[in-house]
Each structure stands twice: as C-alpha cells, then as structure tokens.
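**Student:** Sequence:
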Amino acid sequence: DKRVKAAVPVAGITDLRDYVLDGAVEGHCDCMFMVNTYRWDFPVVASLVAPRALLIANTDKDSIFPLDGVLRTHRQVQHIYSLFGLEDQLGLLVTEGPHKDTQDLQIPAFRWFQKWLKGSNVLIETAAKKEIQPSDLRVFQRLPKTEKVTSVDTFFVRASEKRPVPKTIEEWDHEVHKLRHALKRHTFEDSRHTQDTRIDTKRYPFWEYTVLEDSQRRVEIFDRQGWLKGNSEHKKNQVRRRYMLVGQTLDSTRVMELKQTLESLMGKSDISNRNLRVEANGTMAVNAIYAGLLMEGNDGPLETLSFHLTNLPASHMQGPDYLNVMKMTRLDESLAALSRRFKVTVENSPRTLQEFSAALTDTLGQEASRLTWMNPNQ
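If you number the sequence shown the way the numbering used here does, the last residue is 1377 and the count never jumps.
Derived from the structure by calculation, the hints contain no laboratory data.
Among the clues, some could well be false.
[What the hints assert, rightly or not] Lysine to aspartate or glutamate pairs mimicking EDC-like chemistry, simulated, CA-CA at most 20 Å apart: (1) K1342 x E1302; (2) K1060 x D1103; (3) K1060 x E1095; (4) K1342 x E1366; (5) K1117 x D1000; (6) K1235 x E1025; (7) K1326 x E1174; (8) K1004 x E1095; (9) K1342 x E1295.
Required output: the full structure, derived from the provided sequences and hints.
**Tutor:** Below you can see the structure in the form of structure tokens.
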C-alpha cells in the first residue's frame, strides 16, 4: 500500500523459525498470518516496507514474539535497507516487559511518526495515555441484520465460478492442462523435485511375494486405527497450522506423497504394464483426485491406472483443506478432469458431483469423462 509512509509493527513480527520450530504459533490467532502461497519468511514481508521508514518494536520477554526471532528479522531487513543506502530509516526498539503495549513502546513509536511522517523533531511532551474509552469507539449497539463481516471469507476473495462446458475435446484437454498447471503453481508446488527415492529396509521385516497373473493386488498404506494414538485434537490442529505457515497443508502434503508414490510405482518395469487401481475413502478420496491430476504425463487418457473413490464430500467446503484451491476449481470439475485422464468409479457420493461430468459427456461423448457412478446420494 503506497499510502503508508512510515510503519511501526509493535510486538508484531518474528520469523518462521519462532512460529514453526519453536511453537510460537500456538499463542497466535489465525488473523495474524497471510496465506503463504509462495513460502516467504516474515523478514521478506517486512522488507517490502523499504525504502519507507520502519521501526521494529518489541519487548524482551514477549512469549509469542520471542526476541531472538525479532533480532533475526531485523538483521535480514537491515541488509535490504543498506542496499538502498537508507540505514537511518530502519530502527530497532527493544524495551523491558511481556507481550503488552506498554508506554515504553508507545512514546518511541510516536517519536518515529513525528520524525518520518510529519518531518518534525519536536519532543513529545505528554505521556502516552488513553484519550478515548473503548466503549466510546463502538459504532453499533447491536450488529445490523445485513452485516457481512462474519461471512467475509465467502466473498472477500472471489471463489471459482462454475466452469462452462467446453465445445470440443481439444478445448477440454486445454482446460485440464490449465487446471493442472494452476494447481502446481498455487496449491501443490513441490520444490523438492525428487526423482529417485531409496528406502533402507535392512532394519525392518521384509517379505517377497510372487504376484500371480490377473490377481487383484491391494496395499493398505494408512491405517487410521493403528496410527496417531494419543494425539489430542488440539495438538493435531497446531501441527496443521504449522503446515499452512510454510505454504502447505497437511492434506496437500499427503497429495504430493501419493503422487510421488504412484509415479514411482508406474515407473517400475515390472508394474508399469499392469493395471493398478487406487482406492480411497472420504477426504482421502479428494487427495487421490488431486494426486492423479498432478501426476506427470499427458492431459488426455492414460490406461494403466484407475481410481475407485468412495464417500466423497459434496464440495471443498467439507474438506480436505488446501491453500487457494477454491479460487481455481470446484470439486466436481476436478473430478471430471481426473476422469479425462483415468477411468474413475465413484461410490456413495453426492449426486451433485455428477453434474459437470454429465454435461461433458452429453456434449463431447464418453471419452470426455470416463466416470462410472455407483449408488449416488441425494
């Protein structure tokens, strides 16, 4: 915002090491944080203030903005100001105290604005004290019936609108290509680019099987009843929040792990010529949809892998959670895109998820969406 000429974040900024590794996030509300799509650390955010005047202010005993992270942040931002030759327009203020807006913090902040906003060096002669009672700042005695604040998340950032049905199969393939590219860029970006994964199994039991021709293989890769024992919902939520701080979610990580597993299996000579099937239930079925969309290969039909998805949610609003996904697509559209690449069977899932795929096949034929439905729900 170019209107801002000077800034003083008071007990207000530290780095991801404090938030994620040292657990400071557990003392914060979600309103503190941006959607970190591009995985920036907070010194990068603070550096965007340059070349304008910035005073980083904090107390030395703040439990949710620990001083070590504040100092690391200042040190990195200092480098940016030095590139501008404006070291005097970056300041660091540390006073004694807990996480509280004390008078020791307030008066230097006033002085900073006096100097860099008003261009004055006049001394502050009055103490920092409340001039207005909080109750006097109240606008409404009761919230208006037409208020939108409590539903701002549904309209402040526009969600993806219903996609028009393509007129040709080539146009549909282009739409699938664009969707896959957007998902990779804004939701499931993977900076590791792992190609060759080796697992040391020498300390674990190892069984070797001979798979008979035409047998139906089934591998359970996650048993919810046997895992995560003893973890409270509170602790799980705090782990999930850490993922979001670094530009991921727990489920987007699951998507990438499933994608890499499938690609590894499909790349093995003794498996690639066989027909494999992915079976998934509930929110994990949504993860399977996106893993299939992200797999390398053509946008058009691929024959050696299929999906059997059960109990899908009605939309992304029911989960799982991914960053930015609702800006780009709707769940029924992603399901249809998957069924362009692979054969998909959907069981015991909302009938509304059929609509886009049905419109595709009505317009373009069965090749546009190779989707089979079993026992759809209302």
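**Student:** Each hint should be assessed against the structure and marked as holding or not.
**Tutor:** Going through the hints against the structure:
no., hint, in the structure
1, K1342 x E1302, "holds (8 Å)"
2, K1060 x D1103, "holds (14 Å)"
3, K1060 x E1095, "holds (7 Å)"
4, K1342 x E1366, "holds (10 Å)"
5, K1117 x D1000, "holds (19 Å)"
6, K1235 x E1025, "holds (11 Å)"
7, K1326 x E1174, "holds (15 Å)"
8, K1004 x E1095, "violated (28 Å)"
9, K1342 x E1295, "holds (16 Å)"
Taken one by one, the earlier hints fail for this structure only at number 8.
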